[in-house]
Amino acid sequence: VETLFNGTLTVGGRDQESTGFAWWSGNARLINLSGKLLGAHVAHAGLIVFWAGAMNLFEVSHFVPEKPMYEQGLILLPHIATLGYGVGPAGEVIDTYPYFVSGVLHLISSAVLGFGGVYHSLIGPETLEESYPFFGYVWKDKNKMTNILGYHLIILGLGAWLLVLKALYYGGVYDTWAPGG
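Under our numbering, the first residue of the sequence shown is numbered 144, with each subsequent residue one higher.
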(Lines of atoms letter the chains of each structure in order from A and count residues from 1; the text may use other names and numbers.)
(Lines give C-alpha, C1' and ligand atoms only; values in the text may rest on other atoms or scores of the structure.)
Protein backbone atom coordinates (compact mmCIF):
# COMPACT_ATOMS: atom_id res chain seq x y z
CA VAL A 1 0.00 0.00 0.00
CA GLU A 2 1.45 3.35 -1.00
CA THR A 3 1.19 6.07 1.60
CA LEU A 4 2.07 9.73 1.55
CA PHE A 5 4.96 9.14 3.92
CA ASN A 6 6.99 6.41 2.18
CA GLY A 7 9.26 8.77 0.22
CA THR A 8 8.41 7.25 -3.18
CA LEU A 9 5.45 9.49 -3.89
CA THR A 10 6.19 12.08 -6.57
CA VAL A 11 4.36 15.38 -6.25
CA GLY A 12 4.40 17.54 -9.37
CA GLY A 13 7.57 15.91 -10.71
CA ARG A 14 9.57 17.12 -7.73
CA ASP A 15 10.40 14.13 -5.59
CA GLN A 16 12.69 13.97 -2.60
CA GLU A 17 15.58 12.48 -4.56
CA SER A 18 15.68 15.26 -7.17
CA THR A 19 15.15 18.21 -4.81
CA GLY A 20 16.56 16.97 -1.54
CA PHE A 21 13.32 17.88 0.22
CA ALA A 22 10.20 15.86 1.00
CA TRP A 23 6.76 16.93 -0.23
CA TRP A 24 5.80 18.28 3.20
CA SER A 25 8.76 20.67 3.33
CA GLY A 26 6.66 23.53 2.01
CA ASN A 27 8.68 26.36 0.48
CA ALA A 28 11.91 24.34 0.43
CA ARG A 29 10.84 22.33 -2.61
CA LEU A 30 10.20 25.58 -4.50
CA ILE A 31 13.64 27.07 -3.86
CA ASN A 32 14.56 27.10 -7.54
CA LEU A 33 11.04 27.86 -8.81
CA SER A 34 10.49 31.55 -8.07
CA GLY A 35 7.31 31.76 -10.18
CA LYS A 36 5.67 28.84 -8.41
CA LEU A 37 6.70 30.21 -5.01
CA LEU A 38 5.15 33.55 -5.92
CA GLY A 39 1.95 31.76 -6.94
CA ALA A 40 1.79 29.88 -3.65
CA HIS A 41 2.21 33.05 -1.61
CA VAL A 42 -0.28 35.08 -3.66
CA ALA A 43 -2.86 32.28 -3.39
CA HIS A 44 -2.26 32.08 0.37
CA ALA A 45 -2.80 35.83 0.67
CA GLY A 46 -6.05 35.36 -1.28
CA LEU A 47 -7.24 32.75 1.22
CA ILE A 48 -6.48 35.05 4.14
CA VAL A 49 -8.31 37.99 2.55
CA PHE A 50 -11.22 35.69 1.64
CA TRP A 51 -11.55 34.66 5.30
CA ALA A 52 -11.55 38.32 6.37
CA GLY A 53 -14.27 39.25 3.89
CA ALA A 54 -16.45 36.19 4.48
CA MET A 55 -16.20 36.47 8.27
CA ASN A 56 -16.93 40.19 8.05
CA LEU A 57 -20.12 39.56 6.07
CA PHE A 58 -21.06 36.73 8.44
CA GLU A 59 -20.75 39.09 11.41
CA VAL A 60 -22.73 41.82 9.62
CA SER A 61 -25.54 39.35 8.89
CA HIS A 62 -25.70 38.28 12.55
CA PHE A 63 -25.20 41.72 14.12
CA VAL A 64 -27.92 42.81 16.55
CA PRO A 65 -27.72 46.60 17.14
CA GLU A 66 -29.54 46.39 20.47
CA LYS A 67 -26.84 44.20 22.04
CA PRO A 68 -23.25 45.24 22.76
CA MET A 69 -20.68 43.80 20.38
CA TYR A 70 -18.82 42.02 23.16
CA GLU A 71 -21.96 40.02 24.01
CA GLN A 72 -22.31 38.86 20.40
CA GLY A 73 -18.88 37.26 20.09
CA LEU A 74 -17.86 39.51 17.22
CA ILE A 75 -14.16 39.64 16.36
CA LEU A 76 -13.93 41.82 13.22
CA LEU A 77 -16.69 44.42 13.53
CA PRO A 78 -15.31 45.90 16.77
CA HIS A 79 -12.00 46.56 15.03
CA ILE A 80 -13.71 48.26 12.09
CA ALA A 81 -15.77 50.29 14.57
CA THR A 82 -12.60 51.56 16.25
CA LEU A 83 -11.69 53.16 12.93
CA GLY A 84 -14.86 55.21 13.24
CA TYR A 85 -16.84 53.61 10.42
CA GLY A 86 -20.56 53.36 11.12
CA VAL A 87 -20.17 54.76 14.63
CA GLY A 88 -22.24 57.69 15.89
CA PRO A 89 -21.21 60.44 18.30
CA ALA A 90 -22.01 58.37 21.39
CA GLY A 91 -19.98 55.38 20.22
CA GLU A 92 -23.07 53.48 19.14
CA VAL A 93 -23.10 51.65 15.81
CA ILE A 94 -25.65 53.51 13.71
CA ASP A 95 -24.85 52.16 10.24
CA THR A 96 -23.61 48.71 9.21
CA TYR A 97 -23.27 49.60 5.52
CA PRO A 98 -19.53 50.45 5.83
CA TYR A 99 -18.98 47.00 7.36
CA PHE A 100 -20.81 45.39 4.44
CA VAL A 101 -18.72 47.36 1.93
CA SER A 102 -15.53 46.31 3.72
CA GLY A 103 -16.54 42.65 3.49
CA VAL A 104 -17.43 42.88 -0.20
CA LEU A 105 -14.18 44.68 -1.05
CA HIS A 106 -12.24 41.95 0.75
CA LEU A 107 -14.07 39.26 -1.21
CA ILE A 108 -13.42 41.00 -4.53
CA SER A 109 -9.73 41.48 -3.75
CA SER A 110 -9.47 37.86 -2.60
CA ALA A 111 -10.77 36.77 -6.01
CA VAL A 112 -8.09 38.87 -7.73
CA LEU A 113 -5.40 37.38 -5.48
CA GLY A 114 -6.81 33.89 -6.01
CA PHE A 115 -6.70 34.24 -9.80
CA GLY A 116 -3.16 35.61 -9.55
CA GLY A 117 -2.10 32.69 -7.39
CA VAL A 118 -3.62 30.14 -9.75
CA TYR A 119 -2.02 31.87 -12.75
CA HIS A 120 1.45 31.92 -11.23
CA SER A 121 1.12 28.38 -9.89
CA LEU A 122 -0.20 26.71 -13.04
CA ILE A 123 0.20 28.91 -16.12
CA GLY A 124 2.93 31.47 -15.47
CA PRO A 125 6.66 30.90 -15.84
CA GLU A 126 8.20 28.51 -13.33
CA THR A 127 11.09 30.90 -12.76
CA LEU A 128 10.92 34.68 -12.98
CA GLU A 129 14.59 35.28 -13.72
CA GLU A 130 14.29 34.97 -17.51
CA SER A 131 10.96 36.74 -18.03
CA TYR A 132 11.10 39.37 -15.29
CA PRO A 133 14.69 39.83 -14.04
CA PHE A 134 13.69 42.41 -11.43
CA PHE A 135 11.42 39.88 -9.70
CA GLY A 136 13.75 36.92 -10.07
CA TYR A 137 16.03 35.90 -7.23
CA VAL A 138 18.58 33.40 -6.07
CA TRP A 139 18.40 32.37 -2.42
CA LYS A 140 22.16 32.69 -2.01
CA ASP A 141 22.13 36.34 -3.15
CA LYS A 142 22.03 38.12 0.21
CA ASN A 143 21.50 41.55 -1.35
CA LYS A 144 18.40 40.42 -3.27
CA MET A 145 16.95 38.69 -0.19
CA THR A 146 17.55 41.84 1.86
CA ASN A 147 15.90 43.94 -0.86
CA ILE A 148 12.83 41.70 -0.86
CA LEU A 149 12.53 42.01 2.92
CA GLY A 150 13.07 45.76 2.65
CA TYR A 151 10.32 46.19 0.04
CA HIS A 152 7.90 44.32 2.28
CA LEU A 153 8.82 46.48 5.29
CA ILE A 154 8.45 49.69 3.27
CA ILE A 155 4.97 48.68 2.09
CA LEU A 156 3.96 47.77 5.66
CA GLY A 157 5.32 51.13 6.84
CA LEU A 158 3.30 52.99 4.20
CA GLY A 159 0.20 51.13 5.36
CA ALA A 160 0.91 52.15 8.95
CA TRP A 161 1.31 55.78 7.88
CA LEU A 162 -2.03 55.62 6.05
CA LEU A 163 -3.64 54.54 9.32
CA VAL A 164 -1.93 57.43 11.13
CA LEU A 165 -3.18 59.90 8.49
CA LYS A 166 -6.69 58.49 8.81
CA ALA A 167 -6.55 58.84 12.59
CA LEU A 168 -5.18 62.38 12.51
CA TYR A 169 -6.91 64.02 9.54
CA TYR A 170 -9.64 61.83 8.03
CA GLY A 171 -12.27 60.96 10.61
CA GLY A 172 -10.15 60.00 13.59
CA VAL A 173 -10.14 56.75 15.50
CA TYR A 174 -12.86 55.87 17.98
CA ASP A 175 -11.46 55.59 21.49
CA THR A 176 -13.70 54.27 24.26
CA TRP A 177 -11.51 55.92 26.90
CA ALA A 178 -11.55 59.40 25.37
CA PRO A 179 -14.23 61.88 26.47
CA GLY A 180 -17.03 61.68 23.93
CA GLY A 181 -15.48 58.68 22.15
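Since the hints were derived computationally from the structure, they do not count as laboratory data. All of these numbers come straight from a predicted model, not from anything done at the bench. Think of the CB as a built atom: it goes at the ideal place given N, C-alpha and C, for glycine as much as any other residue. Fair warning: there could be bad hints in the mix.
Claimed, not checked - Here are the in silico distance ranges between beta carbons for each label pair:
{"#": "1", "residue 1": "D284", "residue 2": "F201", "range": "23 to 33 Å"}
{"#": "2", "residue 1": "G231", "residue 2": "M198", "range": "37 to 47 Å"}
{"#": "3", "residue 1": "P208", "residue 2": "L308", "range": "42 to 52 Å"}
{"#": "4", "residue 1": "G234", "residue 2": "N286", "range": "31 to 41 Å"}
Stated by the list, open to error - In silico EDC-like cross-links for lysine to aspartate or glutamate, where the CA-CA straight-line distance does not exceed 16 Å:
{"#": "5", "residue 1": "K210", "residue 2": "E235"}
{"#": "6", "residue 1": "K283", "residue 2": "E272"}
{"#": "7", "residue 1": "K285", "residue 2": "E273"}
{"#": "8", "residue 1": "K287", "residue 2": "D318"}
Check your understanding: Checking against the hints above, which ones are violated?
Key -> 1, 2, 3, 4, 7 and 8
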